[in-house]
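Protein chains: 2
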Amino acid sequence: MMSTILDIYPSRVAVPAGFIPRKDPAVYSEVHSGGTGYLTEDEVAFYEENGYLCFQNLFSEKEVSNYQQELQKLKESEATKRSSEVILEPGSSEVRSIFKVHQSNSIFRRLARDRRIVDVVSFLLNSAVYIHQSRINYKPGMHGKEFFWHSDFETWHMEDGMPRMRAISCSISLSENNEFNGPLMLIPGSHRYFLPCVGETPENHYLQSLRKQDYGVPDGDSLQWLVDQGGIVSAKGPAGSATFFECNTMHGSNSNISPWPRSNVFYVYNSVENALTQSFCGLSPRPEYIATREVEVVEPL
Amino acid sequence: MMSTILDIYPSRVAVPAGFIPRKDPAVYSEVHSGGTGYLTEDEVAFYEENGYLCFQNLFSEKEVSNYQQELQKLKESEATKRSSEVILEPGSSEVRSIFKVHQSNSIFRRLARDRRIVDVVSFLLNSAVYIHQSRINYKPGMHGKEFFWHSDFETWHMEDGMPRMRAISCSISLSENNEFNGPLMLIPGSHRYFLPCVGETPENHYLQSLRKQDYGVPDGDSLQWLVDQGGIVSAKGPAGSATFFECNTMHGSNSNISPWPRSNVFYVYNSVENALTQSFCGLSPRPEYIATREVEVVEPL
Numbered sequence: 000m001m002s003t004i005l006d007i008y009p010s011r012v013a014v015p016a017g018f019i020p021r022k023d024p025a026v027y028s029e030v031h032s033g034g035t036g037y038l039t040e041d042e043v044a045f046y047e048e049n050g051y052l053c054f055q056n057l058f059s060e061k062e063v064s065n066y067q068q069e070l071q072k073l074k075e076s077e078a079t080k081r082s083s084e085v086i087l088e089p090g091s092s093e094v095r096s097i098f099k100v101h102q103s104n105s106i107f108r109r110l111a112r113d114r115r116i117v118d119v120v121s122f123l124l125n126s127a128v129y130i131h132q133s134r135i136n137y138k139p140g141m142h143g144k145e146f147f148w149h150s151d152f153e154t155w156h157m158e159d160g161m162p163r164m165r166a167i168s169c170s171i172s173l174s175e176n177n178e179f180n181g182p183l184m185l186i187p188g189s190h191r192y193f194l195p196c197v198g199e200t201p202e203n204h205y206l207q208s209l210r211k212q213d214y215g216v217p218d219g220d221s222l223q224w225l226v227d228q229g230g231i232v233s234a235k236g237p238a239g240s241a242t243f244f245e246c247n248t249m250h251g252s253n254s255n256i257s258p259w260p261r262s263n264v265f266y267v268y269n270s271v272e273n274a275l276t277q278s279f280c281g282l283s284p285r286p287e288y289i290a291t292r293e294v295e296v297v298e299p300l
Numbered sequence: 000m001m002s003t004i005l006d007i008y009p010s011r012v013a014v015p016a017g018f019i020p021r022k023d024p025a026v027y028s029e030v031h032s033g034g035t036g037y038l039t040e041d042e043v044a045f046y047e048e049n050g051y052l053c054f055q056n057l058f059s060e061k062e063v064s065n066y067q068q069e070l071q072k073l074k075e076s077e078a079t080k081r082s083s084e085v086i087l088e089p090g091s092s093e094v095r096s097i098f099k100v101h102q103s104n105s106i107f108r109r110l111a112r113d114r115r116i117v118d119v120v121s122f123l124l125n126s127a128v129y130i131h132q133s134r135i136n137y138k139p140g141m142h143g144k145e146f147f148w149h150s151d152f153e154t155w156h157m158e159d160g161m162p163r164m165r166a167i168s169c170s171i172s173l174s175e176n177n178e179f180n181g182p183l184m185l186i187p188g189s190h191r192y193f194l195p196c197v198g199e200t201p202e203n204h205y206l207q208s209l210r211k212q213d214y215g216v217p218d219g220d221s222l223q224w225l226v227d228q229g230g231i232v233s234a235k236g237p238a239g240s241a242t243f244f245e246c247n248t249m250h251g252s253n254s255n256i257s258p259w260p261r262s263n264v265f266y267v268y269n270s271v272e273n274a275l276t277q278s279f280c281g282l283s284p285r286p287e288y289i290a291t292r293e294v295e296v297v298e299p300l
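Top line first, the protein sequences correspond to chains A and B. Residue 287 in numbering that gives the first Met the number 0 sits at position 288 of the first sequence, and the numbers go up by one each step. Residue 123 in numbering that gives the first Met the number 0 sits at position 124 of the second sequence, and the numbers go up by one each step.
It is worth saying that the hints were derived from the structure and are not from the lab. Ideal Cβ placement from N, Cα and C applies to all residues, glycine included. Hints may be right or wrong, so weigh each one.
Selected chain B positions facing chain A (in silico; Cβ < 7 Å) [to be verified]:
id: 1; residue: Glu48
id: 2; residue: Gln67
id: 3; residue: Met141
id: 4; residue: Phe147
id: 5; residue: Glu175
id: 6; residue: Phe179
id: 7; residue: Gly219
id: 8; residue: Ser221
id: 9; residue: Gln223
id: 10; residue: Val226
id: 11; residue: Ile231
id: 12; residue: Gly251
id: 13; residue: Val294
Construct the complete structure from the given sequences, taking the supplied hints into account.
Structural data, given as structure tokens:
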């Protein structure tokens, strides 16, 4: 007899459906008065309420300079350009993203295990974690394209079979983020609502969606409502700043015509208790470099 | 015998050429100690140095509300959508710009003659002025597209035959401009250098260029240099703010994925002593609604 899983977060629906209230906690640990050792009580409360946390200068100038050099080396490498784990800018041969850097590169593998990140996400998710996805994003100066609003969880749930909201992204900026170079924008509080998106997902959608998203796109009225509630914030700060955001927090970015690039390295930590099942849109799984199915616990360094 | 005009600001060249230092004053009037009655001495000096001036709340809430209503009425009018003076968003039937509103619309005709604008530009240009171009720009929320860096003078000189740098644009915001909705960005001090652009101009270029610019586009190294000198500023502020900028000031804007539209009304005042000649790229003149050839002095109200 075939068993079916009840999908508590349905999406890619035929007609617009309203918001579904979040059915999972944002903070899985119990908060102890006086802070946790990793986060203050206020920081935990802020994350729970808003779905994100920004830390300026989490990494030192020296560390950042090391990562920047590695970034540049990877970008210029011919091997990189030929790799299937690399996404190019639309209509160009310029590198936009490199995936799976937590496995393919020793420096970014080490960074993925840094205590300043892992302790925070393990605490918030109250469990050991593994890396669901990692990547470097190059947002070049002058021609960096916008990325429309989306919830990562919507995609990971529908296309990868991530069962519940128990994952956190950490974006570490490797260049200054300012109001001119298309910084990450977040809608505070949006993680508390799951927004079903309209449209059936085509096979091999990922080949297009990482360049330009056509499915899993929120409708305008719902976005307007979320912004009416929570406004918009942007993650600005010097290189070495880190932004943690909940997997269902609505985010996006504008284009970048400034000459200043906006690069970052991006890790998604999923609870080991939230490992992937079959995808909820019934399609074959996306490749391992986009959605890891092998649960390998991240041991903090 | 045919006479030829020596072009002191050549552009649309075959190979990249360096900057040409500006050969015209930015402020044509002599500044009198203690201010001019329209601008303080500091404001005049700021404009001369930076090529722009921003005034928050130059227009009252009541005035702005009146303009906003007219804006909405025009946008929804079927006559507007059919007019050749209207530019649509790329790949959409949404109205992006309406030209020649200083002639076609009584409210915006009156605004064009407002003393708070006309006295300032007449003083800086030290002459009577006429309107070279006017338009309303609708930058819709969610899907407003970026507009790459450009000098308006480069286009007006090459395509319209504007002889010298003796014109000023005034943009009046009719919605809040903030860091999220793709505000006008300017490079301070860029008006002091003329940047020849590469590429011969095709016939009827204007039909495309008002949607997406492919000619008259500055090269990346030169833009980087200008930004290294002057940085970038953006014209943020509540509806009713006004930004005056010199015709050669390099400007552009990023996309707008926020739900907040960014609309403005835009007038270009040219000195009556700087009326159009034949175009410097040898093509037939652009239509009257884009580049007025009839010099009608603007009498301030």
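Interface hint compliance - isoleucine 231 of chain B to chain A, C-beta minimum distance less than 7 Å
The hint holds - isoleucine 231 of chain B has a Cβ within 7 Å of chain A, the shortest such distance being about 5 Å.
At a threshold of 7 Å, is the proposed contact between valine 226 of chain B and chain A supported by beta-carbon distances?
Cβ of valine 226 of chain B sits 5 Å from chain A, so the hint holds.
Does valine 294 of chain B pass the interface check with chain A, least Cβ-Cβ distance below 7 Å?
34 Å, violated
Hold the hint about phenylalanine 147 of chain B up to the distance rule: shortest CB distance to chain A must be less than 7 Å.
6 Å, holds
Could you check if glycine 219 of chain B really has its C-beta closer than 7 Å to a C-beta on chain A?
OK, holds: glycine 219 of chain B within 7 Å of chain A, min 6 Å.
Under 7 Å is the threshold here; is the Cβ of glycine 251 of chain B close enough to any Cβ of chain A for the hint to stand?
At about 5 Å, which falls below the 7 Å cut-off, the nearest Cβ of chain A leaves the hint on glycine 251 of chain B intact, so it holds.
Let's test the interface hint: is any C-beta of chain A closer than 7 Å to that of serine 221 of chain B?
10 Å, violated
Measuring from the C-beta of glutamine 67 of chain B to each C-beta in chain A, is the shortest one below 7 Å?
18 Å, violated
With 7 Å as the cut and Cβ atoms as the points, is methionine 141 of chain B at the interface with chain A?
6 Å, holds
With a cut-off of 7 Å, does the beta carbon of glutamate 48 of chain B approach a beta carbon of chain A closely enough for the hint to hold?
21 Å, violated
Under 7 Å is the threshold here; is the Cβ of glutamine 223 of chain B close enough to any Cβ of chain A for the hint to stand?
Since chain A brings a Cβ to about 5 Å from glutamine 223 of chain B, closer than 7 Å, the hint holds.
Are glutamate 175 of chain B and chain A close enough, Cβ to Cβ, to be under 7 Å, as the hint says?
12 Å, violated
Of the numbered hints listed earlier, those contradicted by the structure are 1, 2, 5, 8 and 13.
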